[in-house]
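Protein chains in written order, with this note's numbering: chain B, 1434 to 1897; chain L, 3 to 313.
You may find that some hints are simply not true.
[To be verified] Derived DSS-like pairs (lysine-lysine); straight-line CA-CA distance at most 27 Å:
hint, chain 1, residue 1, chain 2, residue 2
1, B, K1629, B, K1838
2, B, K1705, B, K1680
3, L, K118, B, K1687
4, B, K1680, B, K1691
5, B, K1786, L, K234
6, B, K1847, B, K1606
FYI, nobody ran anything at the bench for these hints, they're computed from the structure.
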Amino acid sequence: MAEPTRMDAVTRRTILKGMAGAAGLISIPAIIAACSSPAASTAPSAAAPSAAAPSAAAPSAAAASAATGSVTFGSNYSNKDTDTKAMQAVVDAFTKKTGIAVKVNTVDHNTFQDQISPYLQGTPDDVFTWFAGYRMRFFADQGLATDLSDLWTKIGSNFSDAFKASSTGNDGKQYFVPFYNYPWVVIYRKSVFADKGYTVPTTWADFKTLATKMKADGLTPLAFGDKDGWPAMGTFDILNMRVNGYKYHIELMKGAQKWTDPKTAAVFTAWKELLPFNGDIAAALGRTWQDTANLLVQKKAGMYFLGTFAGQQATAQADHDDLDFFPFPTLGTEFDSELGIDAPIDGFMLTAKSPTLAADKDAALAFLEYLSSGPAQITFLVANPNSVAAGNDADTSGYSAFQKKSAEIIGGSKAIAQFLDRDTDPGFAKQMQSFLQTWLTNPDQDMTAYLKSIQDFWDSLGIS
Amino acid sequence: MAVSTNAAGAPRRRRRFSILTRQDKLVLGLAVGIPAFIHIFLVWVPTISSIFLSFTSWNGIGGLERIKFVGIDNYVNMFTRYPPFWPALQHNLVWLLTFLFIATPIGIFFAVLLDKNIRGTRIYQSAIYLPVVLSLAIVGFIWQLQYAPEEGVLNNVIHNFFPNMGTISWLGDKNINLAAVLVAASWRHIGYIMVLYLAGLKSVDPSLREAAAIDGASERQTFFRVVLPVLKPINVVILVITIIESLRAFDIVYVINKGQNGLELLSVLITQNIAGESSRVGFGSALAVILLLISVGPIIVFLTRTFEAPE
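Make a model of the complete structure from these sequences and hints.
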């Protein structure tokens, strides 16, 4: 859902990949079967042609590793042109540094997520890529991840408290090593703002005044696309954090607050004020985030609220350099000062059921320790310049202006959420996409009945 | 005497007479046994497990001891607290009816036309059949490009003729996207039916038509009174295929928008609930049971009616 960073514009390549994905759909039973067989560590990549795993630890490194052990690594960085290569560079640097061989098993990004439960219960790799927050805690609770508290005594000083909290399970132990993250912000083109004399708004009133002006100038003020269902969650998150604060937001996500609470209704009331600036909503529901980001790049839209990965759509360097962004404006509530933000963290976990883990544990911990370090993160971010490194010791001198600002905004926030589909039960999040789309299609519906249907659905899930 | 009768008489009767040798029995036993075994283990065991699981709650993690029996909770939740269920059921029915009453008849109509050996019939046949070689997922990709709001062919053509018309969001507007998807799915289905039916038509004995023509039957009458009844076996196949194709529809809506916002289908809901993290295996199974009931009902009724011994 919110893993858009691995997608490209609709190009010939995307379509080919889609075909490969279609082939992947057919082979899902094969993948499930493979996950429960001892050959699991290699089979899934063979079954998912779009993954094309370069499980290439150099032969020399493998020989050198005999003394120091080896690690198997299940990776969902499946975008061959950028992510897979960058992750391989990180792995190679680690092998060079320590002599420990890493066997990378790359699986198509979405397949990896769909298969995660059988994968972790079968014969997984030692280390795997995953997401912070509820989704990490879920597998920690199920006993499918190994406690990393000892490692955290070593690496803890390299991360802010917000990162540590996002890496901590319900039992108070750490299970996750953060790698990088990216903020959800309002993106715009500097040239458009300069031409029309717009200024960056910081308050709700300024924001709406600016949007009204843009509308008069023939722009779509706030581009919006929700075909895939998850982008609307970003708007809900930020408005909930602005209207009700981070604490309420997270409690609502966990089920400790009720959707039927009038406070939740207030979020939709505020949202309604933005809808006239989104253009035609039916069209928005038929548009992917890539199409929507293109509207901004083509100067048809004035602003776009999305993760900074939207920058990927500005393929020309000049266009990318022209992009800038600002945090979502404050609403004049008591929560303005916490500047809550969605800044989802991607990172790594250690499995519990890997058959090689007993032998590999020291090597796996060494690998995770390396991944927690700035140099490893910077090596990877070369390929992904829309995100920022998680570690404090990352050398940020090579950051683009885009990354510097991302880091600054994340650093300035006192409350970092992960994104709706990472902060709540995955089954609930899936349905929430439909709930939000239903509201967007008919924002004037009876809110009491609407919110009750959401609460009813939550209750039906039986989450304790 | 008595002793001798006992020794040589009835009790010494050989084994019951059988035209089958021991080897024949072994072969027959295997020939029936292996398929029966496969059938039971690949069809009945999963089906019955699904039905059993539909009364339980299980997130797919941990051993079978973590499966919790919850009675009919899953069904109650599905009917009352699961908003996409009723739309999905409705969309499945719309899909079925569209295929039955629009797409399949068009396919049959094309087959009848192409059977007439009109000029270029091979070209038409190939053109109409072409989409069938594509999987529905690919069909979804192709039609997404046609329907795209800004760059799509369809909207650009419309704008060319009606410049003042707003952009139509073919796949985003939940009032029209099911229809739009059905056009794409029918595009493929029509070709499929056409080829099947054409093969059937070629097998109709020409003397039947001749006889009908000599008796003064019109084209229409010949088709409905003579050809159609002769093709009864093909009609059954076509009907069953149409029902199966409508109920298993999944890939096309999944590639378009993961089956949400007006494109919900039961098959998608099952996948959504069973695949992925913290899956709801019990609930997904309950949805699958509903789909099972819907598919089995009409098929059983139809097949028994068709294959029952003629009087």
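Inset, instruction - Would you list, in rising numerical order, the hints stated earlier that this structure does not obey? - result: Hints 3 and 5 are the ones this structure does not satisfy, whereas the remaining hints hold.
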